[in-house]
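K.L.:
Spelled out, the chains give:
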Amino acid sequence: MTASRAAITGTIGARLQRWLFRVGGPEAGPITLGQRRIFVLPTGFGLALALTLLVMLLASINYNLSLGFALTFLIGGIAWVSIHHAFRNLVDLTVSPGRSEAVFCGEAARFGVQLHNPGLRPRLGLQLWPRGGSSDETAFDIAPQAGTVHFVAIPTHRRGWLQLPRLHLETRHPLGLIRAWSLFQPDQRCLVYPAPAADAPPLHHAGDAQPGSAAQGRGRDDFAGLRHHQASDSPRHVAWKTVARGGPWRTKEFDGGGSQRLWLDWQQLPPGTGTEARLSGLARWVVDADAAGIEYGLRLPGLELPPATGGAHRHACLAALALFEQPTGHAQPAS
Amino acid sequence: MPSLRRDQVGWLLAGSALTLAPHASHLPPAISALCALLLVWRGFINQRGSRLPHRGLLVVLAAGVVGAVLLEFHQFFGKEPGIALLAGLLSLKLLETDSLRDARAAVLLSFFMQLGQFLYQQNMAIAALALLGTFASIGTLLALQGRAEAFAPRAAAAARLLLQALPLMLVLFLLFPRVQGPLWGLPADAYSAVSGLSDDMRPGDIARVSESAAIAFRAAFEGDPPPPAERYWRGPVLTRFDGRSWRPGPSRRQDQPFYRSSGIARPYTLTLEPHNQHWLLAMDFPGPADGLVYGDDFRLLSREPVRNRLRLELVAHPATPVGLAEDPRTLREALALPPGFNPRTRALGEQLRAAAGRADDIPALAIRHFRDSRLAYTLAPAPLSRNDVDSFLFDTKQGFCEHFAAAFVVTMRAAGVPARVVTGYQGGEINPVDGTLVVRQSDAHAWAEVWLEARGWLRVDPTAASAPRRIDGGLAAALPDMARLPLLARSDLPWLRALRDRVDAVNNSWNQWVLGYNPARQQALVASLGFGDTGWQSLTALMAGSCAVVMGGLTLWALRRMRPGDAIDRSWSRVCRRLAAAGHPRHAWEGPLDYAGRLAREAPEAAPELALIAADYARLRYGPTPADTALLQRFHHSSRKFRPR
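Quick mapping for you: the protein sequence lines, in order, are chains G and C. Using the working numbering, you'd call the opening residue of the first sequence number 1 and step up by one each time. Using the working numbering, you'd call the opening residue of the second sequence number 1001 and step up by one each time.
Hints may contain errors.
Stated by the list, open to error - Below, a sample of chain C positions facing chain G; criterion: calculated Cβ distance under 7 angstroms:
no.: 1; residue: R1104
no.: 2; residue: Q1114
no.: 3; residue: L1163
no.: 4; residue: A1165
no.: 5; residue: L1168
no.: 6; residue: Q1512
no.: 7; residue: V1514
no.: 8; residue: L1556
no.: 9; residue: A1558
In short, the hints are calculated from the structure, not lab data. From the three backbone atoms N, C-alpha and C, an ideal C-beta is built for every residue, glycine too.
Okay, chain C solo, but in the shape it has when bound (with noise of 0.2 angstroms):
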C-alpha cells in the first residue's frame, strides 16, 4: 500500500474539516469534541511524519464513538444518530487512512455528510461553507491523483473545475424535473427541529416561543401593509379549557371558506417557514384560494403538514362579517367551564352580565375592568397557583398575552358570552430595505373571540387593553424591560436593526429563489421560457437539450486546439492537400525543399511557385525565431492563392 502524501493528507484534512465544522452545531458537544480532536491528532501525525495509531486503538475509538452516541440518543436509527455516527466514523476513519481507496472513500464519505448538513440547515452561510467543502474536496482528488504540488495552482485547478461544472449545475438545478417529495416514510426525528406554536396552550406557552427571534413567515403585500391593528394571523383556535390547558375544539373543514369575503381585499404573498402544522397563519380573513382547506374556526389549512418553505398567493378580507350563523353545538362548548376552578373569575362575570343591560355591553365591560385592575404586561409573571386565571386577575396581576386572553375568555364564558381563545401571531415588522413584513416567533401572540348575536365572532384582545403598545410597536415597545428579549427584536439597538433587516432581506430572496424553488417555480420558469406544456416529458427534454448545449460547449473547449505558429502549418498542409488533389502527393519524410525539388522534375508548371511558399515555409519553420512579418505576409497570400492544375 502506497502511503500518502502530506500535501494529500492535507488537503483531505482540510476538506473534512470544513464538512464537519457546521456539524457541531446540533451534533451532541462530546461527538463534536470527539471528532475536533481525532481531526488535530491526524493532523499532528501529518505534520511530525510519525506513524498511525495502531488498529487495535482505532477499534477502541470507534467503540466509543458508538457508545457515545448510544449514550446520547438511545438508538442507532433516525436521523440525528445516523448523522452523529457518521461525523465519528468519518473522523475515524482519517485517522487509518493512509492508502489511495483509504482517502477516495473519506471524501465521498465526506460529500454525503454535507448534505446530512442541509437537513438542519439551509442558510447561505451554510451554503458558503459546503461550496468550500466541495472545493477542497475537489482539490483533494486533485492531489490523489496527480504530484506534490503547491497550494496555489491546486487551489486554481480546483477552483477551474468547479467554475466549469457551474453551468451545467445551473442547468440541471432549474430543470431537472422536481417531485414533491417525500419518496417514503421519513424517521420520527425529521422535523424535531421546528419551533413554533402548538395546539395547545398553557400559561407560560406563548411567552416561550417569543423568546426566539426566528422567522415565523413573511408577507409582501401588493398595496400598502394593514396597519398594525389589522395584523393578526390566525393559528390554533382554542375552545376547550380544563381548567389547566386550552385545547381546540371539534371542526369541520371544506374547500371554500365558511364566511363570504366582503369589504376592503388585501392581496399578498405569504411565505411560511416550516413548522410541521397544517395551519397557514393567514391573516384574518382569507378569500377563496386553490388547494387548501378552511376549517368552521376560519383558519386556512394545508393539506400536508408545512414541511418545506411555502409560498400562498392570498387575500386577506379583514372587514368580513364571520360566524353570523354558527353552529350551536360551537356555541355550547364556547360557554363551558370546568367545575370547580376559578371561582372569583366566574363571580365577576356573573357581576358583569348583571351589570350590562345587554349582552353586546358585556365585553367592553370587562374590558375596562382589566384596565382599571391595572395588570401589569410582561415576559416573566410572577408564579401561578392552581387557580391560575383568579390568580392572575386578582392577586400577582402580572401576565403574559395568553394569561390575558384565557382570563378574559373565562370572564366571558361567566357572563354567558361564547368565546374561545386564538393563537397566532400579531404585528411584525416591515423591512425598509425590500418592503416585506416580517413576522418573527416572537410575535407570537393570543387573543379572544366573542360571539354576540346578529354581529357573529369579534375579535378583541384584551392585551390591548393594559399595554396598548403591544399592539402598535410590537414586543419591544409593550415590554418594560428588554433584557429579556432576544437581541433582534430588540429596538434600541438601531445599527442592528438596519443590519439585521438588510441580512433578512437577503435571506428572503435566497429563500424565494434558491431554497423555494419547487415543482410550481419550476413550472413557472419553464412557462416564463415560453414552454407551455410543462410536463415532466417537456422538462426532460428541455434539461436534455440544455445540457446538450453545456457539454458541446466543454467538448469545443477541449478540442480547442493551442498551437502557436499554427496558421502556418495550416497554410502549409493546404498547399499540400491541392497539390495531393493534383496527383502530386507529398511523401511522409519529405522535407518542404525536397518536395518542390521533386515537383520541379514531376511538375514543372507549378514548380516556380511551389519553390518559393516551401522556402518561405521552411524559413518560417525552421530559421530564426523572430519570423519577418512581410515574409510571413507574403507566405499566406501565395499559398492561399496557389492553384496547382
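One chain only, chain G, in its complex shape (with noise of 0.2 angstroms):
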C-alpha cells in the first residue's frame, strides 16, 4: 500500500519536475544552457534579508525615516540585481560529455562533463552535482573563453551501461542571496564491468583443466626472436638484459605451445552458478589472466573472444561480461 503510494507520488513528482524544469531524456550533444533553463530562487539567507528588510520598512514607516526608506530600497535593490547576476552567472554556459572511463561494479564512476565558457565574463563560484547528491561539493570557477572538465562521480550498483543521470550546476554568486540553477543531462554513459568475485575458483586450475586447447599465432613457449616493445606488452616479456645494457626496449617474443593459453569458459564454473556469479568469476578470471601476463581467451554462450592479450582485449572480454544478456547492449565503448 504504502510501497505503491511512493511510487504514485514519485510518478507525480517525476512529471511535476520535468514539467517545471523542462527536463526531458538524455540529450545529445552540447547543451546550451539559455535563459529557460535557469532557474531562481532565494536562499535561505535571502529569505533572511528579505524579512530583515521588511522590519526595516515598517520601522521606517513607523518613524517615518526617509534615509530609512533610502537604506531599505538600497539594499533591496541589491538584492534584486543580484538575481541577475546569479543568472548571467549561469547563461549561455554550455556543456557538453566528456570522457569516462569504465569501472567495476561497486566503485564509483567518474563521468567528466565539459564545461565551456563562451563568454567574456569568468563564471564563478559554480556548484555540480549529480540527482540526489549533496550541495556540498566544492566550487570552481571557470576562466573567460576556456572550459573545464569537471568529474561527477556516481556510485554504481549493477553491470552494464550506466547512463549520466540528470545533474544539477548552481550558482550563489555574489551575494549568496539567491541560487540560480539549471537542471540538465547530456547523454553520456559509463561501461560499469562486473565486480571481480572474491571467491572464484583459482585461475591455474582452471587454464589447467583445458591443456590442450589449439594454439593460434603468438604464445608464450618457445623464445622466437625480439621485436618493437609496446606499451600493451606485458613487462615479463621485456628484454630487461637489452634495457640494462642501455639499449633499446625489446619485447621477447615466444612460438605458442599450448599450456599458457587459457580458455575463460562460462562452462568450467561449477553447475548451478547463477548468471551474475558466473559473470563475476569471469572477470575475476579476466582480471588475473591479465595481471599474470597469460594470453586468455573469452568463451560465453553465443560470444567468443580469440585469446589474446593487452589493455585492448581486456577491456573487450570485460565489456563482453558487463553487457551480457543485456537488453540494450550494443558493444560500443564509451571510452
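Hints given; two lone chains; assemble the complex.
P.N.:
See below:
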C-alpha cells in the first residue's frame, strides 16, 4: 500500500519536475544553458534578508525615516540586482559530455563533464552535482572563453551501461542571497564491468583443465626473437637485459605452446552458479589472467573472443561480460 | 564549521565599525568604549590569526553589556536602551563569529543598526556614512560568497552592485506609496532628542534654549523678506503667573483665525524642524489655511505634534488688528497677579497708572522707565531672589529677554493694563546662498502683549528698549560678550559665517527633497508627472511599471552576449538555417568543409557558393587569428546574399 503510494507520488513528482524544469531525456551534443533552463530562487539567507528588510521598512514607515526608506530600498535593490548576476553567471554556458573510464561494479563511476564558458566574463562559484547528491561540492570557477572538465562521481550497483543521471549546476554568486540553477542530462554513459568475484575458483586450476587447446598466433613457450616494445606488452616479456645495457626497449616473442594459453569458459564454473556469479567469476579470471600476463580467450554462450593479451583485449572481455544478456547492450565502448 | 578567511573578517569588521561609529554620538560613553574595545580586539585576533576567546568569557562580557545598559537606562524597553543593547551585541557577536552563518547574521544586524542611527540623525554626513557602511557590508557578503581576493577588485564589485541598485532604489523611494506614520504606538522616549521652547517659562529658560545654534525653522519668502522688526514668530502665549513661572491660560481653538486678516500680505514657506509640540511658530499673524488649528491667543497649531520636519505654505499679515472684541475672562486672566510677590514692581505699576492720564499711555511710560533704569541685557544674569521681578528691576538690573518680558507684564498688570508674555523666536538671518531666512534656537525670544480698548492686543518688546540691537542684529549684536554664544551664532568670524551659510543652503535642499519627502510631496511629484489621480492604486501601478522597466533593463544587461567575433558565428548559423529550411540540415558533428562536401553531392545547385562560404568560415574561425578584413567582408557579404533553393 505504502509502496504503491510512494511509487505514485514518485511518478507524479517526476512529471512535475519534468514540467517545471523542462527536463526531458538525455540530450545529445552540447547543451547550451539558455534563459529558459535557468531557475532562480532565494536561499535561506536571502529569505532572512527579506525578513530583515520588511522589519526595516515597517520601522521606516513608523518613525517616518526618509533615509530608512532609502537604505531599505537600496539594500533591496542590491538583492534584486544579485538575481540578475546569478542568472548571468549561468546563462550561455555549454555542457558537453566528456570522458568516462569504465569501472568495476561497486566502484564510483567518474563522468567527466565539459563545461565551456564562451563569454568574456569569468563564471564564479559554480557547483555541479548529480541528482540525489548534495550541495556540499566545492565550488569552481571557469575563466572567460575557457572550458573545464568537472568530474561527477556516481556510485555503481549494476553491470552494464550506466547512464549519467540528471545533473544540477548551481551558483550562489555574488552575495549568497540567490541560487540560480539549471538541470540537464548530457547523453553520456559509463560502462560498468561486473565486480570481480572474491571467491572465484583459482585461475590456474581453470587453465590446467584445458591443456590441449588449439594454439594460434604468438604464444609464450619458445623464444622466437625480439620485436619493438609496445606499451601494451606484458612487463614479463620485456628484454630486460637489453634495457639494462642501455639498449632499446624490446619485447621477447615466443612461439606458442599450449599450456600458458587459457580459455576462460562460462562452462568451467561449477554448475548451479547463477548468471551474475558466473560473470563475476569470469571477470576475476580476466583480471587475474591479464595481471599474470597470460594469453587468454573468453567463451560465453553465443560469444567467443579469441585468446590475446593487452589492455584492449582486457577491455573487450570485460565489456562482453558487462553487457552479457543486457537488453540494450550494444558493444560500443564509452571511452 | 569552516573558519572564516582573514579578508572576510576584515570586511566584516570594516562594515561593523562604519555602522557603529556614528552611534557613538548618542550611546553612553561606557558602551561606546566597550564596543570599540571589542572591535579592536577582534581585529587583533584576525591580524595575528590567534584563537577566538573562550565562550565562557563571552558570556561574562555579554553580562557586562547588559549590566552597563541596565545601569545607564534602568530598563531594556524603549529606543535608547534597545539600540545600546544591539550595539553591544553586534560587537560581541563578532568575537564569536567564525562561520559563514554567524558572519551573515552579523551583516543583517549591522543593516538594522544603520537604520537605528537614522532615529537620531538623518543629515548628509550620516547618510554618507550609512552608504559607506552598506558598501562595506556588500563587500562582506561578496567576500563570504567568493574566493579570497584583493581589496580593489572586491571593492569594485561591491561598488558596481551599489550603482546597479541605484535606479531601483530611486524608483522605490519616489513611488513606494508613503503612509504617514506611526503605525503603532512609539516608545515614550522616541522623540526625547528634540529641543526648543516649552510651554512654561521660568527665568533662565529662554537663555538656556538660546545657547543652541540648532536650526528651529526656515522661512522662504516669496517677495522681499520682512524687516527684522516684523520677524516675530509666535510660540506659547503665557498668561498665568504664580510668582515663579509662567504658564498658558485656557484657550479656545477653531479652524478659522480669531481675527480678520488685513493689511500687507507676506506669503512664505515655513519648514519647521520637529519639536514634538503642537505650535507651528507662524509669523504674526497667519491668514486662513486648510487643515490647521487657530488658537484664540493667535497661535497657529497643528493637530498632531510636529514629529517630522514639516513644510507649510503660509501667509503673514503683520498689520492685522487682533483681539478687538476680547473675551472678558481672558482679560481677567491677563490682569491677575499672585498675592505676596514683587511688592516694589506693583508699587511701580500703580505709580505709572497715576502718572499717565489714559490707559493707552501706560505702556510707553513703562518702556521709558525701563530705559531710564539702565537694565543690562545679558545671557548670564546675576542670581535673583524670591521676588525675581523686583530683584531684576531694582537690584541686579541684569536680565535676558524673559526677565524683561516678565517684568514688563507684571508692571502692566499692576497698572491695570491686561498683559501677557509671548514666547517664540525673533529675527533670524537671511542665508545669502539661497535667500531663505534661517531661525535658530539662539533666536528664541520672549516679549509682551498688552490689551488696550479699541486697539486690541499690541506687541511691546521691552528688550528692545534696553538692547535695541537685539531686534535688528540678533543676539550676537546685542550681547556685550560673545564668548558664551554658540560658535555659529557669533558675528565676528565672517569666513565661518560664509561656510555656515553654504552648508545651511545645501542642508535645506537635503531636508526639503530627501528627508521631507512625504505623502504630500509624493502626490505633488506624481501629479507633476501627469498622473492626475494619485490614489495609492495608481501610485502602486506607476511603481510597478517603473520597476518593470528597470528590471527589464537589468535582464537585457544580463542576457547581453559578450563574445568576440560573434558576428562570424551568426552569419554561419544563418547560412545553416537557410540550408536547413531548404531541406539540407547540417549534422551536429559536421564541420563546415564536410558539410559543403556532402551538399556538393546532395544539392549541387547551391554547392559552389556554399563551398566558398564554408571555406571562408573555416579560415576565419580556425585560421591564424589576425583575420583578413577583406576576407571577413566577403564572408559576411556572401553569407548574407546566400539563398539556397
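K.L.:
A closest beta-carbon separation below 7 angstroms is what the hint needs, so does A1558 of chain C meet it against chain G?
P.N.:
holds, 4 angstroms
K.L.:
Does the interface hint hold: is V1514 of chain C within less than 7 angstroms of chain G, judged Cβ to Cβ?
P.N.:
holds, 6 angstroms
K.L.:
Less than 7 angstroms between beta-carbons is the criterion; does L1556 of chain C satisfy it with respect to chain G?
P.N.:
violated, 10 angstroms
K.L.:
Does the closest beta carbon of chain G sit nearer than 7 angstroms to the beta carbon of Q1512 of chain C?
P.N.:
At 11 angstroms from the nearest chain G Cβ, Q1512 of chain C fails the 7 angstroms test, so the hint is violated.
K.L.:
Please check whether L1168 of chain C passes as an interface residue: C-beta within 7 angstroms of a C-beta belonging to chain G.
P.N.:
holds, 4 angstroms
K.L.:
Using the nearest Cβ pair, does Q1114 of chain C come within less than 7 angstroms of chain G?
P.N.:
At 6 angstroms from the nearest chain G Cβ, Q1114 of chain C passes the 7 angstroms test, so the hint holds.
K.L.:
Any CB of chain G closer than 7 angstroms to the CB of A1165 of chain C?
P.N.:
holds, 3 angstroms
K.L.:
Can L1163 of chain C be said to touch chain G, with a Cβ gap under 7 angstroms?
P.N.:
With a closest approach of 9 angstroms, the L1163 of chain C hint is violated.
K.L.:
The hint names R1104 of chain C as touching chain G; please verify it with the least Cβ-Cβ distance against 7 angstroms.
P.N.:
holds, 5 angstroms
Comparing the model with each earlier hint shows violations of hints 3, 6, 8; every other hint is respected.
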